[in-house]
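> Using the sequences plus the hints, can you model the full thing?
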Amino acid sequence: MRKRKVTAILTSDWHLRANTPKCRIDNYQVATWKKLNFIAELQATHSYCPILNAGDVFDRATGNPEMLFYKLLHSQLSKQNKPDKRNILSGYLLCIPGQHDLPGHSLLNYKKSALAVFSHVARVCVSTNPVIDEINNFIIYPFPYGTKLVDRETTKMPGVAILHSLVTNPKQPSIINVGTPTAKIFDTFKNMNLILCGDNHKPFVCTNGNQLLVSPGSLLRMDADQIEYQPRVYLWYVETNEVEAVYLPIEKDVIDRRYLDIKQSKDELIENYRSALLVLGKIGVSFIENMYQYLQKNNITKSVKKEILQIMEKGEEHARRD
Numbered sequence: 087m088r089k090r091k092v093t094a095i096l097t098s099d100w101h102l103r104a105n106t107p108k109c110r111i112d113n114y115q116v117a118t119w120k121k122l123n124f125i126a127e128l129q130a131t132h133s134y135c136p137i138l139n140a141g142d143v144f145d146r147a148t149g150n151p152e153m154l155f156y157k158l159l160h161s162q163l164s165k166q167n168k169p170d171k172r173n174i175l176s177g178y179l180l181c182i183p184g185q186h187d188l189p190g191h192s193l194l195n196y197k198k199s200a201l202a203v204f205s206h207v208a209r210v211c212v213s214t215n216p217v218i219d220e221i222n223n224f225i226i227y228p229f230p231y232g233t234k235l236v237d238r239e240t241t242k243m244p245g246v247a248i249l250h251s252l253v254t255n256p257k258q259p260s261i262i263n264v265g266t267p268t269a270k271i272f273d274t275f276k277n278m279n280l281i282l283c284g285d286n287h288k289p290f291v292c293t294n295g296n297q298l299l300v301s302p303g304s305l306l307r308m309d310a311d312q313i314e315y316q317p318r319v320y321l322w323y324v325e326t327n328e329v330e331a332v333y334l335p336i337e338k339d340v341i342d343r344r345y346l347d348i349k350q351s352k353d354e355l356i357e358n359y360r361s362a363l364l365v366l367g368k369i370g371v372s373f374i375e376n377m378y379q380y381l382q383k384n385n386i387t388k389s390v391k392k393e394i395l396q397i398m399e400k401g402e403e404h405a406r407r408d
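The sequence shown begins at 87 in this note's numbering and counts up one residue at a time.
Hints in this document: simulated from the structure, not taken from any laboratory.
Note that this is a predicted model, so its numbers are computed, not measured.
All residues carry an ideal CB built from backbone N, CA and C; glycine is no exception.
Incorrect hints may appear among the rest.
[What the hints assert, rightly or not] Label pairs and their calculated CB-CB ranges:
hint: 1; residue 1: Gly190; residue 2: Asp342; range: 30 to 36 Å
hint: 2; residue 1: Lys197; residue 2: Arg344; range: 25 to 31 Å
hint: 3; residue 1: Lys392; residue 2: His206; range: 37 to 43 Å
hint: 4; residue 1: Lys234; residue 2: Tyr333; range: 33 to 39 Å
hint: 5; residue 1: Lys257; residue 2: Gly232; range: 24 to 30 Å
hint: 6; residue 1: Lys234; residue 2: Ser205; range: 36 to 42 Å
[To be verified] Mimicking DMTMM-like on lysine to aspartate or glutamate, the simulated pairs with C-alpha atoms at most 25 Å apart in a straight line are:
hint: 7; residue 1: Lys276; residue 2: Glu314
hint: 8; residue 1: Lys276; residue 2: Glu239
hint: 9; residue 1: Lys388; residue 2: Asp342
hint: 10; residue 1: Lys121; residue 2: Asp309
hint: 11; residue 1: Lys257; residue 2: Asp273
hint: 12; residue 1: Lys392; residue 2: Asp311
hint: 13; residue 1: Lys120; residue 2: Asp309
hint: 14; residue 1: Lys91; residue 2: Glu330
hint: 15; residue 1: Lys288; residue 2: Asp309
hint: 16; residue 1: Lys91; residue 2: Glu314
hint: 17; residue 1: Lys108; residue 2: Glu239
hint: 18; residue 1: Lys120; residue 2: Asp342
hint: 19; residue 1: Lys288; residue 2: Glu239
hint: 20; residue 1: Lys338; residue 2: Asp311
hint: 21; residue 1: Lys120; residue 2: Glu325
hint: 22; residue 1: Lys257; residue 2: Asp339
hint: 23; residue 1: Lys392; residue 2: Glu127
hint: 24; residue 1: Lys288; residue 2: Asp311
hint: 25; residue 1: Lys242; residue 2: Asp273
hint: 26; residue 1: Lys120; residue 2: Glu337
hint: 27; residue 1: Lys108; residue 2: Asp339
hint: 28; residue 1: Lys121; residue 2: Glu337
hint: 29; residue 1: Lys338; residue 2: Asp112
hint: 30; residue 1: Lys270; residue 2: Asp339
hint: 31; residue 1: Lys234; residue 2: Asp273
hint: 32; residue 1: Lys91; residue 2: Glu328
hint: 33; residue 1: Lys288; residue 2: Glu220
hint: 34; residue 1: Lys120; residue 2: Asp339
hint: 35; residue 1: Lys288; residue 2: Asp112
hint: 36; residue 1: Lys89; residue 2: Glu220
hint: 37; residue 1: Lys120; residue 2: Glu330
hint: 38; residue 1: Lys392; residue 2: Asp342
hint: 39; residue 1: Lys108; residue 2: Asp273
hint: 40; residue 1: Lys257; residue 2: Asp342
Spelled out as structure tokens, the structure:
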């Protein structure tokens, strides 16, 4: 059987950082480098096909610590021997800015970001305009964080939408009603063949007729509840519009379970409070305000309270997008 040619490697939400997440007890930077090396080698194995990244390359928009990664990525993404000169994307990492890549979460501040500096690295392209892959005959339509999502005109060439916008997995509904349902995204991009989504750190793949939507999930385990999480990238085949998951190697026992217990306590508290609101018929009252009052009036440990406040801030941020 003839081996299929890989068109592109799909990934997102690398959140590269020079410091270590509080739940990790290993050398997090070494773990990061191993995963980047793995992806670079995977790209070389598949004839230096492009890597498409759906945003949040960095965990912080600015800051000198992130400069530590530039040299590494430059060396890895420049290792190709003879990338096909006819193809502008051969051997490239093509990415879009996510909110973590943008100062003030605004595309207007892009030029001040670490990602803008990163874009000057060889074989890296940060795109805000359509890009044509001349060899595989498809067009990439980038939608950085905060930009309006619009469909394309019908063409014979397959279209790929890359967006950084929280899209929810219909099989895993959130207890906090945030994000955009996949059905709405499919309806928005009726003329796109592949929709690559960043921002949701949980990977999933779903289809709608001949359309394919891929959320690769986060590259690294940054939170305690990712203790069993298996990071992955997806190989995309344009001829059949199918993907194949490739799982990245991970080390066991590198996440402190104490933070997992805190996370579980926080989730249980939020769900119990939400259920109480529904029973009392107060769901129309601001969830955030009620939660603040609840935390003030009840004996909640500082660590759990801090975790709840952080997740509420994220929830408010996502709610403002909709």
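> Find the hints from earlier in the document that the structure breaks and name them by number, from lowest to highest.
The structure conflicts with hints 2, 6, 7, 16, 17, 19, 21, 22, 23, 30, 33, 39, 40, although it agrees with all the remaining ones.
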